[in-house]
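Chains as they are written, first to last, in UniProt numbering: chain A, 1 to 273; chain E, 1 to 273.
In short, the hints are calculated from the structure, not lab data.
Keep in mind that a hint or two might mislead.
The list that follows gives simulated cross-link-like pairs (lysine to any residue, SDA-like), each with its CA atoms no further than 20 angstroms apart [to be verified]:
| hint | chain 1 | residue 1 | chain 2 | residue 2 |
| --- | --- | --- | --- | --- |
| 1 | E | Lys57 | E | Ala23 |
| 2 | E | Lys181 | A | Thr256 |
| 3 | A | Lys237 | E | Gln271 |
| 4 | A | Lys129 | E | Leu102 |
| 5 | A | Lys181 | E | Thr255 |
| 6 | A | Lys181 | E | Leu253 |
| 7 | A | Lys161 | A | Trp214 |
| 8 | E | Lys72 | A | Asp34 |
| 9 | E | Lys62 | A | Val68 |
| 10 | E | Lys161 | E | Ser207 |
| 11 | E | Lys129 | A | Ser99 |
| 12 | E | Lys230 | A | Gln271 |
| 13 | A | Lys56 | E | Ser130 |
| 14 | E | Lys62 | E | Leu17 |
| 15 | E | Lys181 | A | Arg109 |
2 protein chains.
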Amino acid sequence: MNMETSSNEIVNEVDMLNASYDAFEGVIINIENDMDEYVFTTLLRTSISQWRQQGKKGVWLKLSLELVNLVKPAVKEGFWYHHAEPTYVMLVYWIPETSHTLPPNASHRVGVASFVVNNKGEVLVVQEKSGSFKGTGVWKLPTGTVEEGEDISLAAIREVKEETGIETEFMEVLAFRQSHKSFFSKSDLMFVCMLKPTSLDIQKQDSEIEAAEWMPVEEYANQPFIKNHKSFDSIAKICIAKKDDKYVGFSPLLTTTATSAKKSYLYSTYQDQ
Amino acid sequence: MNMETSSNEIVNEVDMLNASYDAFEGVIINIENDMDEYVFTTLLRTSISQWRQQGKKGVWLKLSLELVNLVKPAVKEGFWYHHAEPTYVMLVYWIPETSHTLPPNASHRVGVASFVVNNKGEVLVVQEKSGSFKGTGVWKLPTGTVEEGEDISLAAIREVKEETGIETEFMEVLAFRQSHKSFFSKSDLMFVCMLKPTSLDIQKQDSEIEAAEWMPVEEYANQPFIKNHKSFDSIAKICIAKKDDKYVGFSPLLTTTATSAKKSYLYSTYQDQ
Numbered sequence: 001m002n003m004e005t006s007s008n009e010i011v012n013e014v015d016m017l018n019a020s021y022d023a024f025e026g027v028i029i030n031i032e033n034d035m036d037e038y039v040f041t042t043l044l045r046t047s048i049s050q051w052r053q054q055g056k057k058g059v060w061l062k063l064s065l066e067l068v069n070l071v072k073p074a075v076k077e078g079f080w081y082h083h084a085e086p087t088y089v090m091l092v093y094w095i096p097e098t099s100h101t102l103p104p105n106a107s108h109r110v111g112v113a114s115f116v117v118n119n120k121g122e123v124l125v126v127q128e129k130s131g132s133f134k135g136t137g138v139w140k141l142p143t144g145t146v147e148e149g150e151d152i153s154l155a156a157i158r159e160v161k162e163e164t165g166i167e168t169e170f171m172e173v174l175a176f177r178q179s180h181k182s183f184f185s186k187s188d189l190m191f192v193c194m195l196k197p198t199s200l201d202i203q204k205q206d207s208e209i210e211a212a213e214w215m216p217v218e219e220y221a222n223q224p225f226i227k228n229h230k231s232f233d234s235i236a237k238i239c240i241a242k243k244d245d246k247y248v249g250f251s252p253l254l255t256t257t258a259t260s261a262k263k264s265y266l267y268s269t270y271q272d273q
Numbered sequence: 001m002n003m004e005t006s007s008n009e010i011v012n013e014v015d016m017l018n019a020s021y022d023a024f025e026g027v028i029i030n031i032e033n034d035m036d037e038y039v040f041t042t043l044l045r046t047s048i049s050q051w052r053q054q055g056k057k058g059v060w061l062k063l064s065l066e067l068v069n070l071v072k073p074a075v076k077e078g079f080w081y082h083h084a085e086p087t088y089v090m091l092v093y094w095i096p097e098t099s100h101t102l103p104p105n106a107s108h109r110v111g112v113a114s115f116v117v118n119n120k121g122e123v124l125v126v127q128e129k130s131g132s133f134k135g136t137g138v139w140k141l142p143t144g145t146v147e148e149g150e151d152i153s154l155a156a157i158r159e160v161k162e163e164t165g166i167e168t169e170f171m172e173v174l175a176f177r178q179s180h181k182s183f184f185s186k187s188d189l190m191f192v193c194m195l196k197p198t199s200l201d202i203q204k205q206d207s208e209i210e211a212a213e214w215m216p217v218e219e220y221a222n223q224p225f226i227k228n229h230k231s232f233d234s235i236a237k238i239c240i241a242k243k244d245d246k247y248v249g250f251s252p253l254l255t256t257t258a259t260s261a262k263k264s265y266l267y268s269t270y271q272d273q
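Next up, chain A with everything else stripped away, as it sits in the complex:
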């Protein structure tokens, strides 16, 4: 038995962190159980040295709340934060001397506002119990945040159901708005969606909604708050044009992403012949 080979094998099996490789010459460290900070630092140094020899570039380190003791030693070794979710923080490290080409973190929150109009030309509106519209008496379209992994169309249907009890079908995206620095340094994309009601009896949610009703679209659009704010006024005019069959928005087409064949929706006015 060759001693050098044997020694290398021991190094690989015992003295490196458990990790897998990705398609971009990256390394994904996998730590599942508690680890002593000193042991972690030693293994991390040995591992990075090996990965450097192998030509690896980016190193990903996902640490759950339970492994919080390893955040400080990782930062001391040159890792920095990439993103975090409630149960974990993801840290990254770049091995080469060049500047890193790691993909950026998510930058936008996505919201929906739903235009639901019945066959009497009335729009479904709500008054909110909290937030900046609390106590203002302003009637608004039902709005909400798109959840992680949720389609825009399903988020619009879900929010209307949650706030008012009304069942709907998704029709199209009438407009969308991008705004910045709405929350820490993040941006917002808000999609105004046209939905068709399939039920009419309102059962409002008590914790967030003060009141909900069907209101003539023109009465909604003529509220002083709406008329005095360009963004709301423009959206109200689009909704009125839609109600009067004078407007076409973007409809969803079920498709797939090119590289992974995962389901996705493409929104446009284009109708393939």
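Since chain A is already given, all that's left is putting chain E on it; use the hints.
Below, chain E alone, put in the same frame as chain A:
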């Protein structure tokens, strides 16, 4: 001098963390200089006790990379991760017994693909040096990621300029696609933008782009890869319809957000009379 008042004053001035209050009964902790972990834990406990008496709810703790030693003690006291950016991690804590109503983290990355067509009916296309299209010979529309705080329209113009040297004006959004789990657990929104070239001489970027050229739109659309992937095929058909003046997308209208009067763009086909 009343000893009790004096004692209270000392508690407030010396034994609490420096913090400010937000409009949602929240507390934003402000730590600027190094702090011993034990001192931090003691001050945090005293502070939260006081904030509880004041009816405060959410507590926000932003820790820079330099303050990484305070991440572990914060988690031990019940904080969890909200989000992170390269230079800091944001932790949160909820004081009441109720379940928290803290706003969610950003959930989407936003990308742009640019359809730039010259007056000969040729589209600006590139071959990429890295990623999943590396070495495939596929000609693609120039694409890129919208940066933090950047308008979709400006991102499209910037990416075309960076990859090909071509100067453009933004015209409209032809379509957009939402897909999920494209990167960790995050979603993607990709906007297909129509741009008008104001220069024609290509000067490609060498580090990311293998080749760039003006190509007849039909030749681009007829590539086997494009025809075999529904999402790419649909986008190519929309681009051809646009080139032939048979399609209208969403144009941007400069507006402001209702609550803060910050600049934002509303995209739709609606033209106010």
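Here is what the structure says about each hint:
For the proposed pair lysine 57/E and alanine 23/E, the alpha carbon gap of about 11 angstroms is at most 20 angstroms, so the pair holds. Our distance criterion of 20 angstroms between C-alpha atoms is met by lysine 181/E and threonine 256/A, whose separation comes to about 13 angstroms. Of the pairs offered as hints, the one joining lysine 237/A and glutamine 271/E holds, with about 10 angstroms between alpha carbons and a cut-off of 20 angstroms not exceeded. Restraint check for lysine 129/A and leucine 102/E: satisfied, since their Cα atoms lie roughly 16 angstroms apart, inside the 20 angstroms limit.
Straight-line distance between C-alpha atoms of lysine 181/A and threonine 255/E comes to about 15 angstroms, which keeps the hinted pair within the 20 angstroms bound. Distance check on the hinted pair: lysine 181/A and leucine 253/E sit about 19 angstroms apart at the alpha-carbon level, within 20 angstroms; holds. For the given pair, lysine 161/A sits about 14 angstroms from tryptophan 214/A by alpha-carbon distance, which is consistent with the 20 angstroms threshold. A hinted pair counts as satisfied when its Cα atoms are at most 20 angstroms apart, and lysine 72/E with aspartate 34/A qualifies at roughly 14 angstroms.
Straight-line distance between C-alpha atoms of lysine 62/E and valine 68/A comes to about 16 angstroms, which keeps the hinted pair within the 20 angstroms bound. The suggested pairing of lysine 161/E with serine 207/E holds, with an alpha-carbon distance near 14 angstroms, which does not exceed 20 angstroms. For a cut-off of 20 angstroms, the pair hint linking lysine 129/E to serine 99/A stands: about 17 angstroms separates their Cα positions. Among the hinted pairs, lysine 230/E with glutamine 271/A is consistent with the structure: their alpha-carbon atoms are about 14 angstroms apart, no more than 20 angstroms.
Simply put, lysine 56/A and serine 130/E have alpha-carbon atoms about 15 angstroms apart, close enough for the 20 angstroms limit, and the pair holds. Of the supplied pair hints, the one linking lysine 62/E and leucine 17/E holds, its CA atoms being roughly 13 angstroms apart against a limit of 20 angstroms. At most 20 angstroms may separate the alpha-carbon atoms for a hinted pair to count; lysine 181/E and arginine 109/A meet this at roughly 15 angstroms.
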